[in-house]
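Protein chains in written order, with my numbering: chain A, 1248 to 1623; chain B, 1248 to 1623.
Hints were generated in silico from the structure; no laboratory data involved.
Think of the CB as a built atom: it goes at the ideal place given N, C-alpha and C, for glycine as much as any other residue.
Do not take every clue at face value.
As the list claims (entries may be wrong) - Facing chain A, a subset of chain B residues (Cβ under 7 Å, in silico):
#, residue
1, Leu1272
2, Ala1273
3, Asn1358
4, Pro1360
5, Asn1428
6, Gln1441
Stated by the list, open to error - Below, a list of computed lysine-lysine pairs in the BS3-like style, where the Cα atoms sit at most 25 Å apart:
#, chain 1, residue 1, chain 2, residue 2
7, B, Lys1304, B, Lys1368
8, A, Lys1268, B, Lys1304
9, A, Lys1261, B, Lys1268
10, B, Lys1505, A, Lys1505
11, B, Lys1289, A, Lys1389
12, B, Lys1513, A, Lys1506
13, A, Lys1513, B, Lys1505
14, A, Lys1304, B, Lys1552
15, A, Lys1289, A, Lys1317
16, B, Lys1261, A, Lys1261
17, A, Lys1362, A, Lys1391
18, A, Lys1482, B, Lys1389
19, B, Lys1304, A, Lys1478
20, A, Lys1389, B, Lys1473
21, A, Lys1473, A, Lys1486
22, A, Lys1519, B, Lys1552
23, B, Lys1268, A, Lys1263
24, A, Lys1505, B, Lys1268
25, A, Lys1268, B, Lys1263
26, B, Lys1596, A, Lys1263
27, B, Lys1486, B, Lys1473
28, A, Lys1304, A, Lys1317
29, B, Lys1478, A, Lys1389
30, B, Lys1268, A, Lys1409
31, B, Lys1473, A, Lys1268
32, A, Lys1513, B, Lys1506
33, B, Lys1596, B, Lys1552
34, B, Lys1506, A, Lys1506
35, A, Lys1289, B, Lys1389
36, A, Lys1483, B, Lys1389
37, A, Lys1263, B, Lys1261
The residues making up each chain are set out below.
There are 2 protein chains.
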Amino acid sequence: MPTKDIGFERWTRKLKRIEEKVERLALLSQLGQILNSTLDHKEIRRRAIEAATQLMKAEAGSLLLVDEGKRQLYFEVALSDREEDIKMIPLRFGEGIAGCVAQNGKPLIVNSPKKDRRFFKGVDERTDFKTRNIICVPVKVKEKIIGVLEAINKQERGGFNKEDLSLFVSLADQVAIALDNSRLYQELEEMFFQTTDSLADAIEKRDPYTGGHTQRVTQYSLAIAKYFQLKPLEKKWLKITSVLHDIGKVGIEDQILKKPERLTSKEFEMIKRHCDIGVEIVEHVRQLRESIPGVKYHHEQLDGKGYPSGLKGDEIPVLAKIVAVADTFDAMTTDRPYRRAMDKQAAIKELERCSGTQFDKKVVEAFIQAYQKGEI
Amino acid sequence: MPTKDIGFERWTRKLKRIEEKVERLALLSQLGQILNSTLDHKEIRRRAIEAATQLMKAEAGSLLLVDEGKRQLYFEVALSDREEDIKMIPLRFGEGIAGCVAQNGKPLIVNSPKKDRRFFKGVDERTDFKTRNIICVPVKVKEKIIGVLEAINKQERGGFNKEDLSLFVSLADQVAIALDNSRLYQELEEMFFQTTDSLADAIEKRDPYTGGHTQRVTQYSLAIAKYFQLKPLEKKWLKITSVLHDIGKVGIEDQILKKPERLTSKEFEMIKRHCDIGVEIVEHVRQLRESIPGVKYHHEQLDGKGYPSGLKGDEIPVLAKIVAVADTFDAMTTDRPYRRAMDKQAAIKELERCSGTQFDKKVVEAFIQAYQKGEI
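Turn these sequences into a full structure, and let the hints steer you where they fit.
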């Protein structure tokens, strides 16, 4: 408790300091919300850097993540413009301020880096950045160090202090939680895609001539999407649709699916059923409903000569149009029992020839762009 | 800025108030971390109640979630011991303090509930709880109201005030973020299970006599797990293993898989391959590695007479032992072309007869317990 003889000046200073603390704690809480309100790993990393800079009132912030295999740290996002320069500089455990913090897990303030043996001059030298002072704390998930959060050059005079440190440790804890939730989400997403892909692959393996077909169609579809201005959510659905487009083949009999000769027209009618069988499978899963149009209509043609419904032009959903091109290109460029694979150049010519009648012109254009950039 | 003539008493009060604010902001930040450090929806709900009670220094807290279809709120977790009583009381939009907040999205403090028309007396009447004052804020995700957070009966005199409200709104925002992340995670998880299940179902549909087999085996396995003391993570793997146990059948030819007569011993050797084919599919997915033992060994027997490896006793992984019982029970209780389904009672007798030779005794015991509780 204060005593009565504390002078007015000291009171005012004390009050000002504590009011500042209130502001910074409110900011910390707000930054924690911002960090946790996305599950996108890259976005969290970006927000963590911004938060570090803002909360520490610093010139710059950086986040270094641990590469456990190599026992080194790498800069994730860093000093804005100089990002590219700095990304290439890995720091070994025990090397530099950040390397020390990553190694022993203890926060560190260095207000005279030039005098500190631990300071790693490499970054300043390569980036023209002058480090005056630095605050650096470990980012820990359940006692495991996954990275290091730094703020560099406090804007106010006097360097970083204990109060900064306590706030910065709390921020690093929030960053750790957000990164860990995002990691869990992304692992689950990867598990979904890989499992579905693996099952789709197994389903197509019954047909020995299409091994790897699903993966290639997915790769081609996503390459098209890059030059086609799809929204992120549409890209996600394109990926899922590509993986699932042929799963209806599970319902086609061996003797037709594996027949080495050309199919009779009756047999071809049976094969056509894979679109509808695919829909039957997919529509059981509420969360897959957006993939239904692509699974159903990836054999439709602009001129109405496709199947199963003979849709024309814009009646065909865009994801189906994209999968159609990817699917056909892969069919042309892989061996069939009754013909050899075309080379890619010839297959591109064929796509161009059928552009506007069988295939959507813009989709073919995007495909060719991706091909010319070496992405197909 | 303060002026010199402010008396000592007022200074001290002001300082005390602001120091308390620092404490509460630090607590808010800590509670935000606690809320976000799990993706388990139920656990977040529990922590939200605790946080509300603690931050508001209240006697009790509660979280009500919106049921959009019915336009009503239901208590998620509430006043500890009285939880069960209160869970049964739904509140319509516009009904009671919480119902008003859910309807118009504005926070509310009511320090004399008895005098307030909006106060809903049902809860007090049914629970013997005396509400003296109440603070209630909406829980919003992107402007959408998903629930209402309440704290009841401030421990200090004077009721809830503006400062409480500002802190409580921040807490509700943290709760909203944590609940939304958890929802996204759980939706993805559901998508994974439903898709895999749907594909497994399609794969088994090639065999018309086993429709719904995958779902039933999964249901039986999880019923066994309930009486078998599995850890939560083991339960998760049991579920995945059950869904995937027969996917290797995708590699078995139609003429064997769909043969209506009894298989010859040569054909049976072909069928046995589904365990190894299943492993080939599953091992492509890094995140599914824990399911390999169950997929591979779900046809092993304690006495070593099973396949594919003739493992004995404890050599057989526990998840494989569980799936084996679930799988066999379903095989016995469904029709086959060459025999009718057994009734459940007879199938249970058969499991008991083979307990200790073919099946693990403890697994059979757990199965019977689940059966007697009506869960199978």
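Right, here's what the structure says about each hint:
no. : hint                   : verdict
1   : Leu1272                : 4 Å, holds
2   : Ala1273                : 6 Å, holds
3   : Asn1358                : 25 Å, violated
4   : Pro1360                : 29 Å, violated
5   : Asn1428                : 6 Å, holds
6   : Gln1441                : 4 Å, holds
7   : B/Lys1304 to B/Lys1368 : 23 Å, holds
8   : A/Lys1268 to B/Lys1304 : 22 Å, holds
9   : A/Lys1261 to B/Lys1268 : 15 Å, holds
10  : B/Lys1505 to A/Lys1505 : 16 Å, holds
11  : B/Lys1289 to A/Lys1389 : 21 Å, holds
12  : B/Lys1513 to A/Lys1506 : 24 Å, holds
13  : A/Lys1513 to B/Lys1505 : 22 Å, holds
14  : A/Lys1304 to B/Lys1552 : 71 Å, violated
15  : A/Lys1289 to A/Lys1317 : 21 Å, holds
16  : B/Lys1261 to A/Lys1261 : 12 Å, holds
17  : A/Lys1362 to A/Lys1391 : 30 Å, violated
18  : A/Lys1482 to B/Lys1389 : 23 Å, holds
19  : B/Lys1304 to A/Lys1478 : 46 Å, violated
20  : A/Lys1389 to B/Lys1473 : 29 Å, violated
21  : A/Lys1473 to A/Lys1486 : 12 Å, holds
22  : A/Lys1519 to B/Lys1552 : 44 Å, violated
23  : B/Lys1268 to A/Lys1263 : 14 Å, holds
24  : A/Lys1505 to B/Lys1268 : 74 Å, violated
25  : A/Lys1268 to B/Lys1263 : 14 Å, holds
26  : B/Lys1596 to A/Lys1263 : 80 Å, violated
27  : B/Lys1486 to B/Lys1473 : 12 Å, holds
28  : A/Lys1304 to A/Lys1317 : 33 Å, violated
29  : B/Lys1478 to A/Lys1389 : 19 Å, holds
30  : B/Lys1268 to A/Lys1409 : 20 Å, holds
31  : B/Lys1473 to A/Lys1268 : 50 Å, violated
32  : A/Lys1513 to B/Lys1506 : 24 Å, holds
33  : B/Lys1596 to B/Lys1552 : 20 Å, holds
34  : B/Lys1506 to A/Lys1506 : 20 Å, holds
35  : A/Lys1289 to B/Lys1389 : 21 Å, holds
36  : A/Lys1483 to B/Lys1389 : 22 Å, holds
37  : A/Lys1263 to B/Lys1261 : 12 Å, holds
When held up to the earlier numbered hints, the structure conflicts with 3, 4, 14, 17, 19, 20, 22, 24, 26, 28, 31 and fits the remainder.
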